[in-house]
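**Q** Using the hints, position chain E against chain B.
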Amino acid sequence: MKSGFLAAAAAAVVVSASAVAGAATLDTVKQRGFVQCGVNAGLPGFGNPDSAGNWTGLDVDYCRAVAVAIFNDPNKVKFTPLSAQQRFPAIQSGEVDLLSRNTTATLTRDTSVGLNFAPVTYYDGQGFMVPKKLGVKSAKELNGATVCVQSGTTTELNLADYFRANNMTYNPVVIESNDEVNAAYFAGRCDVLTTDVSGLAGTRAGVAPVPDDHVILPEVISKEPLAPAVRHGDDQWFDIVRWTVYATIQAEEFGITSKNADEFNSSKNPDIQRFLGASPGMGKALGLDEKWAYNIVKKVGNYGEIFDRNVGPGTPLKLERGLNALWTKGGLMYAQPFR
Amino acid sequence: MATETRTTQGAPPPGGISFSLSDPTFRAIVYQILVVGAVVLVGWFLISNTLDNLARRSIATGYDFLGREAAFGIGESLIDYSPKDSYGRAFLVGVLNTLKVSIIGVLLATIIGTVIGVARLSSNWLIAKLASTYVEIIRNIPPLLQLFFWYALVSDGLPPVRQALNPIPGVFLSQRGLRVPTPAPDPVWANMGIALLVAIVAAWGVSRWARARQARTGQPFPAGWTGLGLIVGLPVLTWLAGGAPLAMDVPKLTGFNFTGGAAISPEFFAILTGLTLYTAAFIAEVVRSGIKAVNWGQTEAARALGLPGSPTLRLVILPQALRVIVPPLTSQYLNLTKNSSLALAIGYPDLVSIANTTLNQTGQAIEGVTMIMGTYLVISLSISIFMNWYNKRIALVER
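Chains as they are written, first to last, in my numbering: chain B, 1 to 339; chain E, 1 to 399.
Pulled out of the complex, with its shape left as it was, chain B reads as follows (with noise of 0.2 Å):
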C-alpha cells in the first residue's frame, strides 16, 4: 500500500541512474520489441483486465494503436498498471513509453511535471454519485457532507475548489486505492463519491451491490479532458502518439472502418490515399511504415468503433458519446490534417 511512495522512491533512483543522454524511444522501443505502456490498474471502461486476465478499455486501445502504429501488431504491448500517485514517476523515470491512464491534461502537468498531452481521448468531468436514500437531488445541498476521494488526482483539488467557491464545507475522507475509496463509499463511511463522471458511472455499473440505489447528480464541476502523454525530450515519440490519437478520429471521419478498410485502399480521394498510405509520405514523416494509419483502423479501429466497444451505450457503462462526437456532429473530436 506504501507503493505510491516506492515508485516515487524508485524514480527518484531511477531518474539520477538513467542515462543523461536518453536514446530515443522509438529506438528503444523498436529494439525491446513492445510498447510499455501505463494504464489504470481497474477502471471499468477505460483501463481494466478482463476475467481472462486480458487488459481491455478505451486507455488501454490507445496502447495497443501505438504498438500497432510501430510493430503493426497489437499484443506487442505491455502494460503496467499503476495508481494515481504512481503514474508521474513511472513516466519521468521512463518506467514506462506511454502513459494512457485517464489522465487530465492541465498546465502544470504539462509543464512542472514534464509531460507532453497528445489529443484529448475522452472529453470527461468531474460528478458526485450518492445514495438515492439521501435523497440529494443537486451538489449544492452537499453542505457538511463527508466525501470519499482517491489521493493524488486532479477530483482532489477540484473538489475543494468547488466547496469552496460555494461557501460549502466538507470533510474528506482520502485514500490511496482506489478499490479502497469505492469500498468507503459503499460500506457508508461517506455520503459523497466523486471523481470523473466517466468513472463513477463505470464503477456504479461494476461495484456497487445494487446499481440502482445510486444516483448521479447533475452538477459537472470540472473539465477533465483526458489524455495519453509521454516524457518531455522526444519530439519523434510525441508526435508519432499524437498522430495515432488523431487517425483513429481522422478514420471515423472518412468513415474507415475496421471491417470496410480495405474497400478504402482504391479510393480516388487523395486525403485517403494519403492517410492509408496509397500515396507514400506520412509513414516516412513520421518514421514509421506507410500503412500505419490502415494498420491501426484495420486491428484497433476508428474512435467511434473504440468508443462503443469500451464505454459506449452497448456495455454495463452506457455513456453517450455527447463531447466526444465528432466536431461533424457536433462534439469536440476534430483531427489536424493529413498532409
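These are computed hints drawn from the structure, not numbers from a lab.
Take the hints with a grain of salt, since some may be wrong.
Stated by the list, open to error - Just so you have them, the derived chain B footprint on chain E, three or more residues with Cβ under 8 Å: (1) 57-63; (2) 67-81; (3) 244-258; (4) 270-280; (5) 343-349.
What the hints assert, rightly or not - Which chain B residues face chain E? A few, computed with CB under 10 Å, are given here: (6) Arg87; (7) Leu134; (8) Lys140; (9) Glu141; (10) Gly144; (11) Thr146; (12) Val149; (13) Ser151; (14) Arg164; (15) Ile175; (16) Leu332.
Said to hold, decoys possible - The calculated SDA-like cross-link candidates involving lysine to any residue, where the alpha carbons are at most 20 Å apart (straight line), are: (17) B:Lys133 to E:Gly255; (18) B:Lys133 to E:Lys338; (19) E:Lys84 to B:Asp161; (20) B:Lys137 to E:Gly255; (21) E:Lys338 to E:Gly306; (22) B:Lys132 to B:Phe254; (23) B:Lys132 to E:Gly255; (24) E:Lys252 to B:Leu134.
Heads up, the beta-carbon is just placed ideally off N, CA and C, and yes, glycines get one too.
**A** Chain E alone, transformed into the frame defined by chain B:
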C-alpha cells in the same frame, strides 16, 4: 644499528608516521581518503546527473512549492487548516498527525505491552495462556491486514450515521466514528491547565524531598499518594473556585453529519488500535525477557530482607530489568512510528499521505521523498536520543 634501521623502516617512530604503504597508520589514512573520496564522487555524480535529467525534461526543482496554495482538503488536523493554506502548512498538519498517532500509540503500547508481558509470567495458568495466545496471534499477522481489519470493523460493523448508537447521553457511535461532548469554552479550563502544571511540579518536588529524607533518616513518606492528591486536587479546587461550570458542547445531527463536541475518526481509531496492539505484542516479549533476565536469587534476597511483594518488584526487580528492556524497547518505539506510514492505506492523513498528495500535485517526487525521509529521520533520531539518555540514567551505577 640493525635495530635502529628496522625501527625507521617498519613501524613509525614515536610521534610521526612514515609515508610508506607498509606503515599501518599511513595505510589506514590512505584507505580512508580513498573511500571518502569515492563516496563523495558517487554522490556528486548521482546528484548532478539527477539535476541534469530533471532540467532536460524541464521538470521543476526546488522547494518553492512549499509556499504555494495547497488547494486540497485534509480530513483531520490538530491546527487550523483550509485548502487556502500553503503546501508547507499542509505538510505540518501531516507531521502533527503522525506525531499524534506515534505519541499516543507509544504510551498505550507500553502500558498494554507491560501488562501482557507480566501476565505471561503469571502463575495463573489461564491468564498466562491468554497472554501467550495474544502475543502469538498478533505478532504473526502483518500490520497492514490488522489495520484493514480495524477499519472494516468500524465502517462495516457500526450503524450508519443516522442510526448512530447512543450508549450514554451525548455520546454517539457510528460509521463516522465516535462523537463525545466537550466542555463549552470557559476561562476556567485554561486555569485548570495551569493548576495541573503547578501540581505536577509540586508533586515532583515532594517526591525528591521524600527520597532525600528517606536516604537521610530512613523514614518513608507516602510521596505517591501526596502527589496524586496534588494532581487531582488542585485542578478540582480551581474548577470549584471558577464557579464549577457544567455547560457542555453536545454533538447534534445536522444535515449529513454530527457537529459539535469532539470526534475520533474511524481512520484514527483504526491506525491507533492496529499499531498499538501490534507493537504491544512485541513490547510484551521485551518486558517478559527483561524480567526473566533478573536472577531469581534477587527476589529471594529481597524476601530474606523482609521486603513485601510490591517494593520487591519496584525497587529490586524492575530497576535491573529495565536495563535489559530499554534498548529493544527503543526499536519498538521506532517501529511504531515508522509503521504509522501505513495510514495511507486506510485514509488517515499522516505525513506520508499528505506528502504523497503534494508530490503528485506538484510533480516534484524527489523533493517530496526527501522531505518524508528527513522528517522520519528527525523523529526517529529524537526518540533514539531520548531513549539513550534514559538508558544511561538507569544504567548500573557501580560503587
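**Q** Would you mind marking each hint as holding or not holding in the structure?
**A** Evaluation of the provided hints:
A stretch counts as covered by a chain when three or more of its residues have a beta carbon under 8 Å from one of that chain; for the stretch 57-63 of chain E and chain B the count is 4, and the coverage holds. Note: the stretch 67-81 of chain E has 5 residues with beta-carbon separation from chain B under 8 Å; the three-residue rule is met and the coverage holds. Residues of the stretch 244-258 of chain E lying with their CB closer than 8 Å to a CB of chain B number 4, which satisfies the three-residue condition for coverage. Only when three residues or more bring their CB closer than 8 Å to a CB of chain B does the claim for the stretch 270-280 of chain E stand; here the count is 0, and the claim is violated.
Coverage of the stretch 343-349 of chain E by chain B holds in this model, with 5 residues showing a Cβ closer than 8 Å to a Cβ of that chain against a need of three. Annotation: interface hint on Arg87 (chain B) holds; nearest CB of chain E at approximately 9 Å, less than 10 Å. Among the interface hints, the one on Leu134 (chain B) holds; its C-beta lies about 8 Å from the nearest C-beta in chain E, closer than the 10 Å criterion. For the restraint placing Lys140 (chain B) at the interface with chain E, the shortest Cβ-Cβ distance is roughly 13 Å, beyond the 10 Å limit, so the hint is violated.
With its C-beta approaching chain E no nearer than about 9 Å, Glu141 (chain B) sits inside the 10 Å limit, and its interface hint holds. Using the Cβ-Cβ criterion of 10 Å, the hint placing Gly144 (chain B) at the interface with chain E is satisfied: the shortest such distance is roughly 4 Å. A hinted interface residue such as Thr146 (chain B) counts as satisfied when its beta carbon comes closer than 10 Å to some beta carbon of chain E; here the least separation is about 6 Å, so the hint holds. Hint status for Val149 (chain B): holds, given a least beta-carbon distance of 8 Å to chain E, under 10 Å.
Evaluation of the Ser151 (chain B) hint against chain E yields a held restraint, the C-beta minimum of about 5 Å falling below 10 Å. For the restraint placing Arg164 (chain B) at the interface with chain E, the shortest Cβ-Cβ distance is roughly 6 Å, inside the 10 Å limit, so the hint holds. With its C-beta approaching chain E no nearer than about 4 Å, Ile175 (chain B) sits inside the 10 Å limit, and its interface hint holds. Using the Cβ-Cβ criterion of 10 Å, the hint placing Leu332 (chain B) at the interface with chain E is not satisfied: the shortest such distance is roughly 26 Å.
For the hint linking Lys133 (chain B) to Gly255 (chain E), the alpha-carbon distance of about 14 Å falls within 20 Å, and the restraint holds. With a CA separation close to 41 Å, the supplied pair Lys133 (chain B) and Lys338 (chain E) exceeds the 20 Å bound. Simply put, Lys84 (chain E) and Asp161 (chain B) have alpha-carbon atoms about 9 Å apart, close enough for the 20 Å limit, and the pair holds. Using a Cα cut-off of 20 Å, the hinted pair Lys137 (chain B) and Gly255 (chain E) holds, with the two alpha carbons roughly 14 Å apart.
Proposed proximity of Lys338 (chain E) and Gly306 (chain E) is contradicted: the alpha carbons are some 46 Å apart, above 20 Å. For the hint linking Lys132 (chain B) to Phe254 (chain B), the alpha-carbon distance of about 43 Å lies beyond 20 Å, and the restraint is violated. Restraint check: the Cα-Cα separation between Lys132 (chain B) and Gly255 (chain E) comes to about 15 Å, which is no more than 20 Å; the hinted pair holds. Between Lys252 (chain E) and Leu134 (chain B) the alpha-carbon distance is near 18 Å, which keeps this suggested pair within the 20 Å criterion.
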